[in-house]
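Dock chain B against chain A, hints included.
Spelled out, the chains give:
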Amino acid sequence: MSRIGVFVCHCGLNIAKTVRVSELAQFAATLPDVVVAKDYKFMCSTPGQEMIANDIKQHKLDRIIVTACSPLMHEQTFRKVLAASGLNQYLLTIVNIREQVSWVTHDIEEGTAKAKALLNGAVYRARLLAPLTSRVIDVNPDVMVIGAGIAGIQAALELANTGKKVYLVEKNSTIGGHMAQFDKTFPTLDCSACILTPKMDSILQHKNITMLTSCEVSEVKGFVGNFDITIRQKARYVDHGKCNACLACTEKCPGKGVSEWDEGLVKRKAIYIPFPQAVPQKPVIDRDSCTFFKKGKCRLCEKVCEQKAIDFDQQDTFIQVKAGAVILATGYDLMDTKPLIQYGYGKYPGVYNALEVERLFNSAGPTGGKVTMRDGREPQAIAVLHCIGSRDKNNSEHCSRVCCMYSLKFAHLFKEKTSADVYQFYIDMRAAGKGYEEFYNRIIGEDVKFIRGKGARVAQSPDEEGRLIVEAEDTITGKFIKVPVDMVVLSPAMVPRADSRDIARLFNLSTDKQGFFMERHPKLAPLSTMSEGIFIAGVCQSPKDIPDTVAQANGAAAEALTIVVKDKMELEATTAMVNPASCCACQNCVRVCPYGAPFFNESKGVSEINEALCKGCGLCASVCPSSAIIARHFTNDQVLAEMEGLMEF
Amino acid sequence: MSFEPKILGIACNWCTYTGADLAGTTRLEYPQNLRVVRVMCSSRINPSFIFRAFQLGADGVLVGGCHPGDCHYNTGNLYARRRLAVTRKILEFAGIEPGRFRVEWISASEGNKFAEVVTEFTRQIKNLGPQNKFKISQ
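Chains as they are written, first to last, in my numbering: chain A, 1 to 649; chain B, 1 to 138.
Here chain A stands alone, though its shape is the one from the complex (with noise of 0.2 Å):
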């Protein structure tokens, strides 16, 4: 005989309106090893959680019911009121009527009868539970942050301050992400190179950061606390332990490749550091472009290196990196639109995106820092179209957040280095965020032309060879406008980076939609994932400006310290366990396990099961045909137990 204790909670009106719960406590109540049942407001604040416990000491109650919202919100809150109160807290069960009742009818019968039916199957399976004992694990004290944006580079160095070792992944050759290639930042029009390479070189020279740049991810192996990461160190061909950055090699290759870094505008030797400023300031060798792996001669390079530093023969590795915690700062492609063939980017040379735009502007870029196009020629009228991708059902349905601020931003810095006529095509002014109204009054004032509409298309003028007409509606008149201008800026989507979904699989988390990472709780935990100890940072979660990635960085260094600060943690106790009376021998477990946590005991031939391997899954239990295995808290007993509650009403 159990003695159960039920927590009605209303939520406010969240739960009340389309569920009695007076009524449901008093169901409750008629229940079979129900002691006690009462429904309350707010039952996780504090009167709530306090009510809970002093009835488990005056009722003396061994298990408790609460009936209130997901588990995947406050079964936490709960388990914490339960251990307070001196009971195991695996003696606790969530019934979740509010995100799977309350919210989903408008049915106050249908709610009822459906609650009643859940709270049932609560406690059919909560007579069943057996306290268990959570396990206890060292945690390794370092951290890993993939990606080495402007995100990963701000959590690197927070964490890297408060003394934890940190590895900080990269896949270029350089670190500093999208934000080194931009020219000036809104609102401030601070110059993007001076507020970050400081950080860089930072990154370079603390003692507590290992930086890998050219690196992936290839495995992740382990858990919370303990993971076990594979990098494969991609081949360089230039052994930057021999280098001494004198750049010579640089100088002399007659090898062509397209600079990622200037989006393309201009080529770049084989061997190459990204930019002036790149951290590392070591040369790579890109192999398409590289005269001696296309042709078997060349090795020029290799002749004028005093360092003996080139090596062709150098191969990827692979380096084993252990830590706590993990925080992924990946952060995001800007939308190839090319397919929106609409706009001409790609067909007409006046077109061009945004992040070509912004090494326009800059002073180490293709053009010095003077607004040319690709003909050579200054223009003399300039579109921004915003909202190319985004805002769009067929493509990005989400608003990108920052390509109003930054077309703004390059409406101000054409004004400044050009004697354009510049307009602006968008669909609605997005300036929610501090001191971006304000610029955005500041650019208005800028002799800068609004036109409140999307741009619908780009074509070549027909009367002037070279310049481009931009067709669109203008909302606030009505009417369909044509303006010829020389120059096309299209302002697109940010999207997931192409390989996101592979690095979500790498790490066990969910994506939404688009494919950027999916937070545990949009609210309440949105560094989180449902990977325990992996967070997310930055772009790679959805659109944000620079501040709000730093802040989100800073916040999931604090997140990972949460894990790493301590020596020790404790893991769920939902593991599975052999019961070695019934084991078959079949060894059935040992093959299905994706972690190889059953191993077979040869000498007294059964299986068994590595505890601290387990994840608790419940395969293994699944297939033992002789229902030896017993997966901890989801025994076959009380799943069991839980659907004939179900079923009963």
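In case anyone wonders, no lab produced these hints; they're calculated from the structure. Please note: incorrect hints may appear among the correct ones.
Stated by the list, open to error - What the simulated footprint calls covered on chain A by chain B, stretch by stretch (three residues with Cβ under 8 Å from a Cβ of chain B suffice, anywhere in the stretch; the number is not a length):
1) 93 to 101
2) 110 to 120
3) 614 to 622
Ideal Cβ positions, reconstructed from N, Cα and C, are used throughout, including at glycine.
Chain B alone, transformed into the frame defined by chain A:
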């Protein structure tokens, strides 16, 4: 009174259960005939759970897991997929209409899909009428 079926759902914690929560958070309405049991992984589902559900009087059983390849436990749902395919054959052999048993892959971000599946499946079970073949009268 029209027939209101009882449908048992078994959902994995990481994808379908979270997707069901998302349907709630976004206030999508769907029929209240479904009662969900949460398990950590769809691979936890023993075929006997499905048979037992029908014995207990379920008119339909809906299983939800992560999309193949997206399993929180790497490969769990791949085993579940095969096992539940066999389960379906046994159910058919035993005379249960195949339409009473459905397996859907619903991710944590697919609240819409969860609501649509439940709505559609409930309609289907209503059309099939009460399930008495396996039901043990108590």
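Q. Out of the numbered hints, which ones does the structure contradict?
A. none
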